[in-house]
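There are 2 protein chains.
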Amino acid sequence: MKAEIIAIGNELVIGDTQDTNSAYLSSQLIELGIEVNSIKIIPDEINVIVEAINSSYIKSDIILITGGLGPTEDDLTRYAVAKALKEEQYISPILRETITQYFKTRNIEMPESNLSQSMIIPSAEIIPNEVGTAPGWWIERDKKILITMPGVPSELYEMWGNCIREKLQLKNNDLNIVIRTIKTFGRSESSIAEEIFDLFGSQNPSLGIYVKPDGVHLRIMGKDKSEAKAINLVKNFEEQIVSVLKPDIWGFDDDTLEQKLCDWMKHYGLKLSIMESCTGGLLSDTITSIEGSSKYFKGGVVSYSTESKILLGANSDVINEYGVISPQVAQEMSKAVRVFFDTDIGIGITGVLGEAPVDGNQPGVAYINISSSSHSRDWVMDFRRNRSIMKRRAVSSTIFQFLLFLNEYINDNKLDTK
Amino acid sequence: MKAEIIAIGNELVIGDTQDTNSAYLSSQLIELGIEVNSIKIIPDEINVIVEAINSSYIKSDIILITGGLGPTEDDLTRYAVAKALKEEQYISPILRETITQYFKTRNIEMPESNLSQSMIIPSAEIIPNEVGTAPGWWIERDKKILITMPGVPSELYEMWGNCIREKLQLKNNDLNIVIRTIKTFGRSESSIAEEIFDLFGSQNPSLGIYVKPDGVHLRIMGKDKSEAKAINLVKNFEEQIVSVLKPDIWGFDDDTLEQKLCDWMKHYGLKLSIMESCTGGLLSDTITSIEGSSKYFKGGVVSYSTESKILLGANSDVINEYGVISPQVAQEMSKAVRVFFDTDIGIGITGVLGEAPVDGNQPGVAYINISSSSHSRDWVMDFRRNRSIMKRRAVSSTIFQFLLFLNEYINDNKLDTK
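For the record, the sequence lines run as chains A and B. In terms of the numbering used here, the first sequence has 53 at position 53, counting the first letter as 1, and numbering is strictly consecutive. In terms of the numbering used here, the second sequence has 152 at position 152, counting the first letter as 1, and numbering is strictly consecutive.
Same shape as in the complex, but just chain A (with noise of 0.2 Å):
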């Protein structure tokens, strides 16, 4: 089955909001086996709408359509749906009960326009809205499924969760889609589509190369109505690449690298703690995002002031001699907090980020140390990215380098698991 998604809204075509439900979706129902041929982004203008539901009705068995289901005039979703399909919108009264309770249990007064929520066509079922006052319909017409969902990811998410998946779940059974990423880090694109050359081009499984903040990613797509066949498509796809990429690979699907550090960390029962001053947080937010880092991560300390160094514990000769922003400080950094939060490991970085130069420091260079009491790791980050892009990677490579830092000390160690 071929589904197209519509991602309906003012503020996604001039830019003001980036369309995440669109990539959302694509992910869920590629797991579905349900291939999207395309995503369209259109403004809030009704003929725009009814066209592009026309054309995708066409081409495609599943349309998906998210936004303008709010109850404000510019919402428009659900007059263009009828209009595309001709009929006549009336009130339901099961929806017009279900947001009238929704504002009373709230203890708000119901706005009049929120009324307009409550329309429905004669076609559709009700999606339920655990989360907003916006419901879903589900529409089966001419043989093809028309879905539509509010804009607000996470209305549009517990819709998804809680009843669109496993609908389409039992509408889709005829074919088969596996997919494998393989992630590296530390290498280039065309570096790595080189030395793999020979399976580019392959229709069936296919294979597909991309720059990410933390590294490359090679993706293979196999398609078959048998499981078993499609997997071992891919399978054989992978042992090809695996044999060749092997140290340059870190994890595979749905891994992170802040998940595998976590799960290493907890698996040697070892604590880190953190002290980064360019990145901001950055780093510490990336670890905790980590459901069961508290497990491991004792503290960390946005550092973003000299002083704050020092009374954290870093050698105050140590910053005069060299500069705050050295090689010696992140060790320095590194060691201070270790010692503070009573930790096995710690992290230090120092650098530049911003615009402006530091101490005589170009924007684009962050020192980094990873250190324990038995071991060291140095490294530096020098080239010049907007702001964002460069903690984004100095987070990647901090972590990257921390899973061969922590393979070393273990090895060393001959630490056992806890």
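These are calculated hints, taken from the structure and not from any lab test. Where a beta carbon is used, it is the ideal one built from N, C-alpha and C, also for glycine. Certain hints may be false.
Listed below are several chain A residues computed to face chain B (Cβ distance under 10 Å; list not exhaustive) [to be verified]:
(1) D19
(2) L25
(3) I30
(4) D74
(5) H217
(6) T256
(7) G299
(8) G300
(9) S303
(10) F341
Estimated spans, in silico, between C-beta atoms of each pair [unchecked claim]:
(11) R187/A - R392/B: 32 to 38 Å
(12) G186/A - E166/B: 53 to 59 Å
(13) A356/B - N107/A: 37 to 43 Å
Partial selection, computed: residues in chain A whose CB lies under 7 Å from chain B [as the list claims (entries may be wrong)]:
(14) Q18
(15) P71
(16) N107
(17) P111
(18) S113
(19) S154
(20) E158
(21) G161
(22) A193
(23) E195
(24) F200
(25) G201
(26) E291
(27) F297
(28) K298
(29) S305
Fit chain B to the supplied structure of chain A, relying on the hints for placement.
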């Protein structure tokens, strides 16, 4: 002039990569008075790409294509554009030389496949790529403009800023678009919409309303051949909205809460420190994303363990008595970090934003305190969303409350600007 954007890449339609280029280009185009009709995201399939180009070619004056310019087999944009325009590709000696030099200066052997990036068609001008090997094409034919750009965001930004923006500006001088965004916090979408109901539905200026992590935004857009007239259209709406919503408005256009916070703190010469646990570093990261934040932000602590809170000076008796997830501990954290880093104001955040309860506290609860030696502001956030949204909301709420705190603090202490 009307534009369409075509973003190409399998990774985009399977949801593996979020297409952020289109939103960037849209926001840039609208500033040039060029409206985006639609954004299409399509897979690396030659027929689909050619069809998308053909259909955009009919409807729009400008077509911007991103992605598919890499050196590998699945990069089909050059080929598809040539096919759609019925032109033949040939090797450009200038491009071949540029690409060869790119590798030479980096002391890397050039992979054979990169030669494909030196191909061009007769109607295309070269758009230089200063940061990568994939050049763009600028094509003017049949009174249309067709532009190809790499999908790697840093390369696209560079190409846009260095060349394309200016070239397009020279082409478009028939319509002025003026946009004004008004940002509120703490009110629901529909309650705001009700107060300014009369303004919706107007075509020019048009009014949009959007729910964002930092509150509800209103966007007024006015169009006219005369810039002065477009400005007046928008001004008229803005005055009506501001007169009704004044107490809820915290900013306009590109204002961010964190920029406001930075401006105020620098303005009054105040210093800030933070101790955050459940937000994991995101508050520090958000605050330090503003250039110049080191002027007022002395340090942050991600106190992911109870020991770390105590090491920074939080009273262990208070923690034992009230539990680590409590308003009292938020106050302790805010005070302790303020004393530790010797700052005017401190922020303390404790809560459960993960998936499992902590100390009998359900996920979705955060206690926040902002304090100075003379003032203190507490609040609770109590709602259940997924972890990343909750973190983001807690951070926005904290910075918004901080601005209110600051207003009171400055007034009560009769502070002068520094």
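Taking the hints in turn, this is what the structure says about them:
| no. | hint | result |
| --- | --- | --- |
| 1 | D19 | holds (7 Å) |
| 2 | L25 | holds (7 Å) |
| 3 | I30 | holds (5 Å) |
| 4 | D74 | holds (6 Å) |
| 5 | H217 | holds (8 Å) |
| 6 | T256 | violated (13 Å) |
| 7 | G299 | holds (3 Å) |
| 8 | G300 | holds (4 Å) |
| 9 | S303 | holds (6 Å) |
| 10 | F341 | holds (6 Å) |
| 11 | R187/A - R392/B: 32 to 38 Å | holds (33 Å) |
| 12 | G186/A - E166/B: 53 to 59 Å | violated (37 Å) |
| 13 | A356/B - N107/A: 37 to 43 Å | violated (30 Å) |
| 14 | Q18 | holds (5 Å) |
| 15 | P71 | holds (5 Å) |
| 16 | N107 | violated (13 Å) |
| 17 | P111 | holds (4 Å) |
| 18 | S113 | holds (6 Å) |
| 19 | S154 | holds (5 Å) |
| 20 | E158 | violated (9 Å) |
| 21 | G161 | violated (10 Å) |
| 22 | A193 | holds (5 Å) |
| 23 | E195 | violated (10 Å) |
| 24 | F200 | holds (4 Å) |
| 25 | G201 | holds (4 Å) |
| 26 | E291 | holds (6 Å) |
| 27 | F297 | holds (5 Å) |
| 28 | K298 | holds (4 Å) |
| 29 | S305 | holds (4 Å) |
Going down the numbered hints, you'll see the structure goes against 6, 12, 13, 16, 20, 21, 23, while the others check out.
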